[in-house]
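Residue numbers (numbering that gives the first Met the number 0), protein chains in the order written: chain A, 0 to 298; chain B, 0 to 409.
These are calculated hints, taken from the structure and not from any lab test.
Watch out, some of these pointers could steer you wrong.
For lysine-lysine, the following BS3-like pairs were computed, each having C-alpha atoms within a straight-line distance of at most 25 Å [claimed, not checked]: (1) A:Lys-75 <-> A:Lys-119; (2) B:Lys-53 <-> A:Lys-54; (3) A:Lys-71 <-> B:Lys-217.
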Amino acid sequence: MENCIEIKELNKFYGKKKQALSNVNLTIEQGMFGLLGRNGAGKTTLMKTLVTLLKKQSGSISVCGIPIENAKEIRKIVGYLPQDFSMYPTMTVIEAMDYLGILSGIGTKERKEHIDLLLKKVNLTEHKNKKVKALSGGMKRRLGIAQALLNDPKVLIVDEPTAGLDPEERIRFRNLLCDVSEERIVILSTHIVGDIEATCENLAILNEGSILYCGTVSDLLDTAKGKVFSKTVDKRDLPKLKKEYNIIGMHSQENKTYIRFLAEVPSPGAESCEPNIEDAYMLYLWNNGTAPILSGGEA
Amino acid sequence: MLFGKEIRKTVLSFTFVAFIIALLVMTISQDVLNFSDEAIAFPKQGADYGIQQKEVPKQIMPAAFSSLCEEFAANEYIAYPIGFYKNVKLNDTDQEKMADIISTLSGVSVDDLLDKDDEVSEAKGDIEVTLSDDISYEEFKACMKQADDLIGGGSNYSENNLLNYSYVAVTYEEAIENYNLIASKDKFTGAYARLFCDFVGIILSIFPVFIAVAVCLKDRRAKMNELIYARKTSSFKLILTRYFSVIIAVMLPTIILAYISNSSVWGQYSGMSLDYLAPLKYTIGWLMPSVMISAAIGMFFTELTGTPIAIAIQGLWWFIDINVGVSKLRGVHTLFELAPRHNALGNTQIFLDEFNTLAANRLIMAGAALLLVIATIIIYEQKRRGELSGYEKIKTYIASLANRKSKSAA
Ligand SMILES: Nc1ncnc2c1ncn2[C@@H]1O[C@H](COP(=O)(O)OP(=O)(O)OP(=O)(O)O)[C@@H](O)[C@H]1O
Ligand SMILES: [Mg+2]
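Hey, can you work out the whole structure from these sequences and the hints?
In structure tokens:
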């Protein structure tokens, strides 16, 4: 109760028609929690609702025992890194942090120490006198994490923090998140399966506003066991096969193509293979009748 | 803490620098930053004490009447309905009503008057149109009011403008009385502070709107809105702090300039009792309400619409107010004026006569400003909670209006 987020029968509409979240039920406990879903799934909507920036239409949410309606108390214990954000471009890194620290109500002395510590943690100490507009995308994102941690929140909510980062920076960012996830609830949204794989124990799959799956990563993998196959086929047969199978990956060599596909029952000539999270994710989308159509690009 | 940050943010902006420049240009060009060559001395006997407007019926009645006859004959009436020059031409029925008024005042029949209108040149010599002797000043004023209404207001015959027909020389006794009022009521410094406020009020009624709009748009431009929304600080504290940091940022340099201006004459009144607080009293009492309302309009409409539309709204009000103000330069006031005028050094009696209206006006402006700030806080909190309904509707409505306008312009 004290250290978890409980979401019950949550519904959110934009305007009268657009339902962005429907009957969402989730319990999120301490540690890293991944929220997986493609563009428009409702990840940002759910996160903004959790940080009191959006009002729900129905359902109930409690964050560490505090009902979401009590925005003032919620804001004290959550840190939020929005999907698309920046800071006053002409302020330096340290000035921007100081300003946001004041808005979080942190006393002068404590603020100074805390900001130093956080900047060290996100590796920005040597850039602390740089103007925000002079930061690279990766640095800005790290500054984003630092500002979200200013009030030492019990709940950290980060919205697609790894989008647009290079592989090295992405790995560094994941490690940073794992670092700070001790003794906190960290919710990470992403449409990049690798992020979840590397960091989370629990995850939820969100699609068109509904939760398709919620549980541990290993349970998710179990559900996909025996449903992922691979096969080497002739390149000329590809168009036909695309209609037959639910292809989730392929790569070609000369005129042979290696394909990976989902199926409920084994098919002749295909080898069963060990599922990864991406496979399981695709399987859920597929079962839900909303499997993405692979347009036949050859990897 | 937050206050210091907000002040810093406000001051370190282009709009604020522009404001300081405008303030300096205004005060220097209008000669109100240095009064050292405008000492107010005890009047010497036999000197020229200048002229003053005074309600002398004997002067006003014939002058206004003959002006009206001329304008009537040409059917061209000059008016400044909202401060702008306008040449009014009356239609036949209204012109007939005007003839009626002139007939009442002169005893000449309406028919004769209208005939005269047909053959302007010949008739002029024929019929003598003069003001009847038995018209009292009260009757005359009533007729002038009718004439003014026909013209549409702001004509030469409005109650205020009738005084323009009556300039009389200031007598020695009056000059002494003026001097004594300045010495006793204004303690000299008040008179200078008033003239300073007269000009500076023009700037301070418009510039705060730019500064406030910039402050409110800054978060969104910097994509920083959500970082701030999600924080602990209440909307009440944040908006109020931002509002008062705009007010302080504008008022501090103003007060400093007011003292620079005022202290330039202190040396000339050695041994007399001066009110050294006059610049402070006047800047706060006279100027600050204008700053408050201008900044409040800026914040309110910017938070409401997310656009700089407040600049257009305040700009329009300011433009009209300044033009209307031209007819009140001598120091008369109205309840809803934005920038009170008092374009004279001294004129203390008018100031005292008009003081209650001025005070009521300033209280109304300050009160309205605070109400707008409270409304801004409510809107900000709603936006912050994602409660978009009302606000979103207004925004789309304004957007659709703007669309329609740009379409019709194309
Ligand atoms: N302000 C809004 N008004 C109307 N519809 C909206 C609004 N914001 C989002 N939506 C719609 O709600 C749905 C969910 O959007 P949301 O931004 O939560 O998705 P997301 O999972 O964060 O997507 P992405 O991965 O692209 O960030 C989308 O269909 C989107 O078009
Ligand atoms: Mg999103």
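Going through the hints against the structure:
Among the hinted pairs, Lys-75 (chain A) with Lys-119 (chain A) is consistent with the structure: their alpha-carbon atoms are about 23 Å apart, no more than 25 Å. Of the supplied pair hints, the one linking Lys-53 (chain B) and Lys-54 (chain A) is violated, its CA atoms being roughly 65 Å apart against a limit of 25 Å. With a C-alpha separation of about 24 Å, the suggested pair Lys-71 (chain A) and Lys-217 (chain B) falls inside the 25 Å cut-off, and the hint holds.
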